[in-house]
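Based on the hints, put chain B in the right spot on chain A.
Each protein sequence line maps, in turn, to chains A and B.
Final position of the first sequence in our numbering is 271; the numbers increase by one with none missing.
Final position of the second sequence in our numbering is 556; the numbers increase by one with none missing.
Keep in mind the hints are simulated off the structure, nothing from the lab.
A hint or two may mislead.
To be verified - List time: in silico BS3-like cross-link candidates among lysine-lysine, alpha-carbon distance up to 25 Å:
#, chain 1, residue 1, chain 2, residue 2
1, B, Lys379, A, Lys266
2, B, Lys511, A, Lys266
3, A, Lys236, A, Lys100
4, B, Lys389, A, Lys116
5, A, Lys247, A, Lys236
6, A, Lys229, A, Lys100
7, B, Lys448, A, Lys266
8, B, Lys448, A, Lys116
9, B, Lys379, B, Lys367
10, B, Lys389, B, Lys511
11, B, Lys511, B, Lys448
12, A, Lys116, A, Lys102
13, A, Lys229, A, Lys106
14, B, Lys379, B, Lys524
15, B, Lys308, B, Lys524
16, B, Lys367, A, Lys266
17, A, Lys266, B, Lys389
18, A, Lys245, B, Lys448
19, B, Lys367, A, Lys247
20, B, Lys379, B, Lys389
21, A, Lys236, A, Lys102
22, B, Lys442, A, Lys247
23, B, Lys524, B, Lys389
24, B, Lys442, B, Lys511
25, A, Lys245, A, Lys229
26, A, Lys102, A, Lys266
27, B, Lys442, A, Lys245
Quick caveat, the model's predicted, so the values are computed rather than measured.
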Amino acid sequence: MCPSLTPQRRAIPTRSFFAGLGIAAASIVFLTMPYEVAGQSSGTTLARTSDGHPDLTGIWQAVNSAAWDLEPHVAQPDMPAGIGAIDGDQIPYTAAALAKKKENYKNRAALDPDGKCFLPGVPRVMYMPFPFQIVQTPTQLTMLFEYVHTVRNIFMNTPHPRGPIEWWMGDSRGRWEGDTLVVDVVHFNADTWLDKAGNFHTEEMHLVERFTPNGPDHIDYEVTIEDPKVFTRPWKISMILYRHKEKNLRLLEYECYSFEGAEIYKPIHTP
Amino acid sequence: MTARHSVAISAALMAVLLSAPNIAGQENRPSNGASAKAGYLQPRTPDGQPDIRGFWHIVPFGTYSLQDMSLQGLGAGDFSTKLPGGSRIVDPPDGKIPYQPWAAAKAKDINDHHMDPKPYQLDPQARCWLQGVPRGTLQSESHVVQTPGQIVILHDYSHSYRVIPLDNRPKLPEHMKLFMGESRGRWEGNTLVIDTTNLNDIPWFDIVGSFHSDAIRVAERLTRIDDETLEYLATVEDTKMYTRPWTMRFTMKRNTEPGYEQWEHACYEGERSLHRLLARPDSGR
Numbered sequence: 001m002c003p004s005l006t007p008q009r010r011a012i013p014t015r016s017f018f019a020g021l022g023i024a025a026a027s028i029v030f031l032t033m034p035y036e037v038a039g040q041s042s043g044t045t046l047a048r049t050s051d052g053h054p055d056l057t058g059i060w061q062a063v064n065s066a067a068w069d070l071e072p073h074v075a076q077p078d079m080p081a082g083i084g085a086i087d088g089d090q091i092p093y094t095a096a097a098l099a100k101k102k103e104n105y106k107n108r109a110a111l112d113p114d115g116k117c118f119l120p121g122v123p124r125v126m127y128m129p130f131p132f133q134i135v136q137t138p139t140q141l142t143m144l145f146e147y148v149h150t151v152r153n154i155f156m157n158t159p160h161p162r163g164p165i166e167w168w169m170g171d172s173r174g175r176w177e178g179d180t181l182v183v184d185v186v187h188f189n190a191d192t193w194l195d196k197a198g199n200f201h202t203e204e205m206h207l208v209e210r211f212t213p214n215g216p217d218h219i220d221y222e223v224t225i226e227d228p229k230v231f232t233r234p235w236k237i238s239m240i241l242y243r244h245k246e247k248n249l250r251l252l253e254y255e256c257y258s259f260e261g262a263e264i265y266k267p268i269h270t271p
Numbered sequence: 272m273t274a275r276h277s278v279a280i281s282a283a284l285m286a287v288l289l290s291a292p293n294i295a296g297q298e299n300r301p302s303n304g305a306s307a308k309a310g311y312l313q314p315r316t317p318d319g320q321p322d323i324r325g326f327w328h329i330v331p332f333g334t335y336s337l338q339d340m341s342l343q344g345l346g347a348g349d350f351s352t353k354l355p356g357g358s359r360i361v362d363p364p365d366g367k368i369p370y371q372p373w374a375a376a377k378a379k380d381i382n383d384h385h386m387d388p389k390p391y392q393l394d395p396q397a398r399c400w401l402q403g404v405p406r407g408t409l410q411s412e413s414h415v416v417q418t419p420g421q422i423v424i425l426h427d428y429s430h431s432y433r434v435i436p437l438d439n440r441p442k443l444p445e446h447m448k449l450f451m452g453e454s455r456g457r458w459e460g461n462t463l464v465i466d467t468t469n470l471n472d473i474p475w476f477d478i479v480g481s482f483h484s485d486a487i488r489v490a491e492r493l494t495r496i497d498d499e500t501l502e503y504l505a506t507v508e509d510t511k512m513y514t515r516p517w518t519m520r521f522t523m524k525r526n527t528e529p530g531y532e533q534w535e536h537a538c539y540e541g542e543r544s545l546h547r548l549l550a551r552p553d554s555g556r
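The following block holds chain A by itself, in its conformation from the complex (with noise of 0.2 Å):
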């Protein structure tokens, strides 16, 4: 099945509809504001920063098992089922690069560059199971993650700077569409997975990402994936970024190469 159906594009076929009806225009966008809040969580209205787009700010998480799988899968003994966040069943890998999937897939436990506890790469730190933190401004926007304290600095209406670079989480250059925030990023490393299944790609990876917030506290999170040197076609990624609403939230910390910490410096704290 299709996952990547959002409460965005539901939204169409009502303004369609009265479209369709011959309302003046004026009076669409009154009809239809109840029916596109009644498929929010809230009644509230979009928070918008001083310069007028959305205001992002606060702590988001996707909820779904993209993580383990950006395809659908059954439940494995390490691995919640999920109904994929692609288009489509399958990314569309070249044959080669579907062995090489298939060879992560099976020795995924060893080869996962998670196990490394290194900066996961972007998307992939986007739908890992950790909160992360919107700090917006009109010339940034940055995103800290609380998974090793990885942060992505979203610069505003530049351009990115020439390569050849490889950075882990690539160069994320933001502009805005409407009310959608539009990310496109370059200069990868080829040493992160898109998820614990083996997905992966190179250092040719281009992201598209659009975050379109669909009421105060759900993002519309797709995201476009290119990269010649593995896929046979572009590919979308879509779900939903929940905001996080319990009180006195903050971030914390998953500092997941220093657990070992007390243990080494215990002789020192010892009189």
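Chain B alone, transformed into the frame defined by chain A:
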């Protein structure tokens, strides 16, 4: 600064770079706080906070030893370079951390062996672990972001960060200890006061083993005294480790390079030196 091409630089090399004696001279001034230079009109953010946004780095740069600035040359791998001596510690007046006797013995042990360490004598920073407070500020340039109700500090080194709410929301339970702690900020006039608790006992203040317990509390005071300068004070309390609170003070300068951006500093991912740093035959690691 150091962010530009630091894709896979080892921890040891970074320690060298960050300890470079790029600015000569340090002023030891009284610890009675800082105020803006006469006639300086503090700018404001759109939501009315005193404006300390931007990229700031301490002068002189370096984190080799809080108590003996002349060692910065060692950090740069240049044994002939001697910076003016002195301590970043302005209280007590002797510039020394007022350890309890047992802790002073531990600190001496680390100091004596930091060039040839056993695992517990190696600066945790060399492992690319989070730096704690205020080591993050000492270690590298910091990008201060102010949005309504909060200050966010993005440290260049190892992309560590602090989110500091400007209110008195309830704190974490005391037993929850974090590398970067739990901070609350408030403005006292033009001075940002940050109180930090819930810190774990792992990070050190420098390479030579100035350390603390998980009872540490840090009170930082940041005052912008002119367009390019922040005065920074941090008072450290730790009843398990010290005989009295002590205070470090330093000056931070603003990076004015147009269009400057903080780029990825993948410290742990590029770490290649730990095995050499711990090459001592009996290091056990």
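Here is what the structure says about each hint:
| no. | hint | in the structure |
| --- | --- | --- |
| 1 | B:Lys379 to A:Lys266 | holds (16 Å) |
| 2 | B:Lys511 to A:Lys266 | holds (15 Å) |
| 3 | A:Lys236 to A:Lys100 | holds (20 Å) |
| 4 | B:Lys389 to A:Lys116 | holds (23 Å) |
| 5 | A:Lys247 to A:Lys236 | violated (34 Å) |
| 6 | A:Lys229 to A:Lys100 | holds (12 Å) |
| 7 | B:Lys448 to A:Lys266 | holds (15 Å) |
| 8 | B:Lys448 to A:Lys116 | holds (23 Å) |
| 9 | B:Lys379 to B:Lys367 | holds (12 Å) |
| 10 | B:Lys389 to B:Lys511 | holds (24 Å) |
| 11 | B:Lys511 to B:Lys448 | holds (15 Å) |
| 12 | A:Lys116 to A:Lys102 | holds (21 Å) |
| 13 | A:Lys229 to A:Lys106 | holds (22 Å) |
| 14 | B:Lys379 to B:Lys524 | violated (32 Å) |
| 15 | B:Lys308 to B:Lys524 | holds (15 Å) |
| 16 | B:Lys367 to A:Lys266 | holds (24 Å) |
| 17 | A:Lys266 to B:Lys389 | holds (12 Å) |
| 18 | A:Lys245 to B:Lys448 | holds (23 Å) |
| 19 | B:Lys367 to A:Lys247 | violated (42 Å) |
| 20 | B:Lys379 to B:Lys389 | holds (14 Å) |
| 21 | A:Lys236 to A:Lys102 | holds (20 Å) |
| 22 | B:Lys442 to A:Lys247 | holds (12 Å) |
| 23 | B:Lys524 to B:Lys389 | violated (36 Å) |
| 24 | B:Lys442 to B:Lys511 | holds (21 Å) |
| 25 | A:Lys245 to A:Lys229 | violated (41 Å) |
| 26 | A:Lys102 to A:Lys266 | violated (43 Å) |
| 27 | B:Lys442 to A:Lys245 | holds (17 Å) |
Hint compliance for this structure: hints 5, 14, 19, 23, 25, 26 are broken, all remaining hints hold.
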